[in-house]
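Chains as they are written, first to last, in this note's numbering: chain A, 1 to 586; chain B, 587 to 1172.
Just to be clear, a hint being listed does not mean it is correct.
[Said to hold, decoys possible] The following label-pair restraints were derived from C-beta to C-beta distances:
1) A/Lys362 to B/Glu941: 33 to 41 Å
2) A/Asp142 to B/Gln1014: 38 to 46 Å
3) A/Lys290 to B/Gln823: 49 to 57 Å
4) B/Gln823 to A/Val220: 57 to 65 Å
5) A/Asp303 to B/Glu617: 37 to 45 Å
6) B/Gln823 to A/Asp432: 52 to 60 Å
7) A/Gly138 to B/Ala1040: 55 to 63 Å
8) A/Ala492 to B/Thr730: 41 to 49 Å
9) A/Lys198 to B/Glu941: 41 to 49 Å
10) B/Gln823 to A/Asp303: 37 to 45 Å
11) B/Ala1040 to A/Pro239: 48 to 56 Å
12) A/Gly136 to B/Gln823: 41 to 49 Å
13) A/Asp142 to B/Thr730: 38 to 46 Å
14) B/Glu941 to A/Asp303: 47 to 55 Å
[Said to hold, decoys possible] The calculated lysine-lysine pairs, modelled on BS3-like cross-linking and capped at a C-alpha distance of 27 Å, are:
15) B/Lys983 to B/Lys1027
16) A/Lys254 to A/Lys82
17) B/Lys876 to A/Lys289
18) A/Lys362 to B/Lys876
19) B/Lys875 to A/Lys289
20) A/Lys351 to A/Lys271
21) A/Lys394 to A/Lys441
22) A/Lys290 to B/Lys875
23) B/Lys890 to A/Lys289
24) B/Lys875 to A/Lys304
25) B/Lys771 to B/Lys857
26) A/Lys185 to A/Lys174
27) B/Lys876 to A/Lys271
28) A/Lys289 to B/Lys957
29) B/Lys937 to B/Lys948
30) B/Lys668 to B/Lys771
31) B/Lys937 to A/Lys290
Calculated from the structure, these hints are not laboratory results. Note that beta-carbon positions come from the ideal geometry of N, C-alpha and C, so glycine has one too.
One letter stands for each residue in the lines below.
Number of protein chains: 2
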Amino acid sequence: MRAFILSILLLCGTICPAQQQDKYPLGEYEELTDSKPHDDKETWEEMGTPTSLSWGSTDIRYRKLDIPDVRKTTRLQLKAWKGERVNAQAVLWTKAGLTDVSVSVSELRNGSSIIPQSAISTHFVRYVMTDEFGPGCGQRPDKTKFDSLVVADVLDINKTLDVKACSTQPLWVKVWVPTDAKAGKYKGTLTVSAKDLKPMKLQIEVNVLNRTLPDPKDWVYYLDLWQNPYAVARYYQVPLWSQAHFDAMRPLMKMLADAGQRTITASIMHKPWNGQTEDHFDSMITRIKKIDGTWSYDYTVFDKWVTFMMDEVGIDDMICCYTMIPWALSFDYYDQATSRVQFIEAKPGDKAYAEYWGTFLKDFSRHLRTKGWFEKTAISMDERPMEAMREAIKVVKEADPEFKITLAGNYHAEIQEDLHYLCIPFGQKFPDDVLASRKSKGQISTYYTCCTEAFPNTFTFSDPAEATWTAIHATAGNYEGYLRWAVNSWTADPLRDSRFRTWPAGDTYSIYPGPRSSIRFERLVEGVQDCEKIRILREELEAEGATRKLKKLNEEVAKFRFENIDGNKPSASEMVNSLERLINSL
Amino acid sequence: MRAFILSILLLCGTICPAQQQDKYPLGEYEELTDSKPHDDKETWEEMGTPTSLSWGSTDIRYRKLDIPDVRKTTRLQLKAWKGERVNAQAVLWTKAGLTDVSVSVSELRNGSSIIPQSAISTHFVRYVMTDEFGPGCGQRPDKTKFDSLVVADVLDINKTLDVKACSTQPLWVKVWVPTDAKAGKYKGTLTVSAKDLKPMKLQIEVNVLNRTLPDPKDWVYYLDLWQNPYAVARYYQVPLWSQAHFDAMRPLMKMLADAGQRTITASIMHKPWNGQTEDHFDSMITRIKKIDGTWSYDYTVFDKWVTFMMDEVGIDDMICCYTMIPWALSFDYYDQATSRVQFIEAKPGDKAYAEYWGTFLKDFSRHLRTKGWFEKTAISMDERPMEAMREAIKVVKEADPEFKITLAGNYHAEIQEDLHYLCIPFGQKFPDDVLASRKSKGQISTYYTCCTEAFPNTFTFSDPAEATWTAIHATAGNYEGYLRWAVNSWTADPLRDSRFRTWPAGDTYSIYPGPRSSIRFERLVEGVQDCEKIRILREELEAEGATRKLKKLNEEVAKFRFENIDGNKPSASEMVNSLERLINSL
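Please put together the full structure from these sequences, using the hints given.
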């Protein structure tokens, strides 16, 4: 009845599917334009044949508009353990252009033994916009201040693709050798077909060695890549925590399980990292303050997410709950009185902080024990001031002295004993005695990289072998594994543009919607496999008393230590290739 | 672990009580300065005695710094029905200043009969900042664009007060004649005491007539003043819906019950009026969207508020639930998935609108029937476009055809039949046949004023008698009562400054924290009493066949009709006094 009337917001209630498909493609999509200088038409015209095909290297991100610098080979020889995944990259380039290109690999034969086609996948390597390291961490509001270029990274799932004239199309091949394969040389053929093209062929050979890599589930390497369910809901345009959302997440999270992922990332408060990613994390647990002043807790989402990850995906080692000490000390709860989400502003040490968290943690402990998850659950922190961490730990221990606590932050002698799982930055070390003591107590000690490191990293512009190097560095440095703070915190348009408002491009994700893997992700898995192989070989060589071989292996591994790469950025590919050659020769 | 760290917000968790008492006084407080031109010291010095006391008129807001223009009288004669409240105003003015002034009235005696002191209250009339009508409705971002002055309005509850030199202090007296008082003239004394002052006295006489006004509970007049519980929580600095909040509201809401208030104002959504008041209304009912897509509803707050108003305050005629068609068509719900309050943007007629409201209303009907409140509950609307109202009504009727619906808005022939309670603006009329039909069906038909009317109104600068006039206008215009959209939507500093960012000052409230009544509120109650007296007299005179007296009464009442005040603003005080003299002479 008040006289002024607001204009009625006629917002579109439902999103036009066609528009959304264009915005968030899952199937076919166009890459962004590569505007960098590249081989001109004349150079391309010098090609002897309209189209060429050759094996290339998985160490190289082939430029899209340049004639690839490859020594043309049609035969590739790989070595693999039983149960191991091995990658290969072929390169197709054409001055004429190709329509409806498809790639297939035959089954691989070794006499009557075969590695079936179902164990082999092929992928067009797609190009995504990246930038450069620049200042590493920090905001990048102005994208023009950084170099921008498209790089080969995405391993596409589409089965056909047109390849434009005067361009290069890399092809990725992945063979997951069955655990029950017989040792021996398996041979097959990669075939590239296209409209009006006589099929082009390459020979592929996998020499299966007589050693077996365990199932990822049984790997010892502690891999912790933080998942972001919120990004999946946004990109797939499905209601958060709906069946459609879980259906979308299942194959993505299976990729992590197959990579040896050990932890479930759970957010137990609103914006544990202050909403730094394109899709902020929200609380999977609701704290409800009733009008009589008592608290109740809704674990529906948390339970569903954890159950999904454990039972459907198979990641069930640890539930890391972020966080009691976020960067912004503002804690959400649903307030029955105001029918709003309200925030308590309190810092560790405050009475209000202890009340808010203490009351919750007591109930959380009870809930986790009911679910049988208590032993697998940790209250997880990022680096915060020591006094704040101490106060937080106090509150946790007061609520339930048996609560596990984890930290991804600097090494702190003062609190390390309290930390069931402590992940420290690249370059920091655990004292040897501490590491031994932690191991004996079943405590986990790993390292992480993030925006800080120019090398090694898994940005979209990083050398592919750096991903492998990163994984191996854990074994070399006596860490038990590796953590990265984001595996699918997608940018607004992750398939086409990996640049973000902060940090070097690709920092926030290494798997793509679809689900699609990436050169980075596959090379990281390769590194984790290498570490498992090193672990197995060490045990074997030690048991055999093969001291010289063991020494040789350890020396090669030791090259990946922080103190051994001082000075110039090493050639990750050379180091990795050298180590892998050794591993496969022992 | 991300490198940039936000500065920690060190917000004060608790509010310093001393500061808050100063900000939101409940006891003693200082008025704002009256900076208007006023009688100078020389004029004041001409006073014969240092301090004077006289009866004044309840029609006048005496200026604080002017010598009051009163014919000095020490004897006041009032007439009252048994059970009626009557008001009087005395004026104290002093050139010397007074310390610790207190006012008392003796019991009133009529032979051996008495009206006890407990039936009499005295109040210092306090000054509050006001502005002027200006453009009526609309924003007032710049207070300097309107006249600002302090006016007498607040009826204070403090028992002593200092009165500065050269100032006027009005004193309000209220006598609530007991229903069982014997008719006759009751006499007593008003005494003003102060430090170093010989007590000053005035005679007061109440002639109790041999007619009885029913208890407010039994009044027929339909009074609907919208309550704002949120303002009380803020001003009293108590947690919303806590026991302390209800304790604070109880005496305030009792004032309404004593005024014949009939409705409970309930907000069933976030910001039904787009947060137009200093304290926005929030949803007293939470709609919870679960991750499986189903809805659940939390009625805790609604139930507590309604139960309080019905059982503790005694207002139990109707629960008006605002609203299904707010100005901003954005509807809140608690979303279990995101652990956030989310909003659906949908307009009446949309599928999403029908789903959101239809699902809720079905459950609400079930809940109300369980509580035994269904017959007393209405889904209430403000004026909206006809098509929107029709669509909303359709959704309500589909959910439960027996749901009552109310509207405070224009008269609409098209939908009036659907409206159990229809309140139309001052100046609009119900067609006679419609009014008769509505009455026969037990439907309620009233009128309202708001920011639109320069006259009559209850702004802090309005003539006191306008409040009485406003109430009487309902009876004169054949409305069944009166609605005002706000009775305690307090400004930031309601005791000292009644100006608001929108509308003329005082538009948003007529009762003050404390609780304190106001000249406006008491004069409105006077008008409602007059209407009850007119109703009773009409029945009586009709039954007696006293045609001439009835005609005289009706003629006097008819003067208060809209069509009879065309042209100049009438003198509300003259009209009211004339009518009240007649009423008390019949």
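With the threshold set at 27 Å, check whether the alpha-carbon distance from B/Lys875 to A/Lys304 stays at or below it. holds, 16 Å
Quick one: are B/Glu941 and A/Asp303 within 47 to 55 Å, going by C-beta? Given a distance of about 27 Å, which is not inside 47 to 55 Å, the answer is violated.
Taking only the CA atoms, is the gap from B/Lys771 to B/Lys857 under or equal to 27 Å? violated, 52 Å
Between B/Lys876 and A/Lys271, is the straight-line Cα distance small enough, at 27 Å or below? holds, 21 Å
Could you say whether the range 41 to 49 Å given as a hint is met by the Cβ separation of A/Lys198 and B/Glu941? violated, 59 Å
Regarding A/Gly138 and B/Ala1040, is the given constraint of 55 to 63 Å on their beta-carbon distance met? Because 60 Å falls inside the window, the suggested range holds.
Run the distance test for A/Lys351 versus A/Lys271: straight-line Cα separation, threshold 27 Å. Within the cut-off at roughly 22 Å; holds.
Below or equal to 27 Å on CA atoms is what counts here, so check B/Lys876 against A/Lys289. holds, 18 Å
A/Lys254 and A/Lys82: Cα distance at most 27 Å? holds, 20 Å
37 to 45 Å was suggested as the range; check whether the CB atoms of B/Gln823 and A/Asp303 agree with it. Between B/Gln823 and A/Asp303, where Cβ atoms are some 38 Å apart, the hint holds.
Quick one: are B/Gln823 and A/Asp432 within 52 to 60 Å, going by C-beta? Since the Cβ atoms of B/Gln823 and A/Asp432 sit about 58 Å apart, the hinted range of 52 to 60 Å holds.
Need the status of pair B/Lys890, A/Lys289: alpha-carbon distance at most 27 Å? holds, 16 Å
This entry does not satisfy hints 2, 3, 5, 9, 14, 25, 31, going by the numbered hints stated previously.
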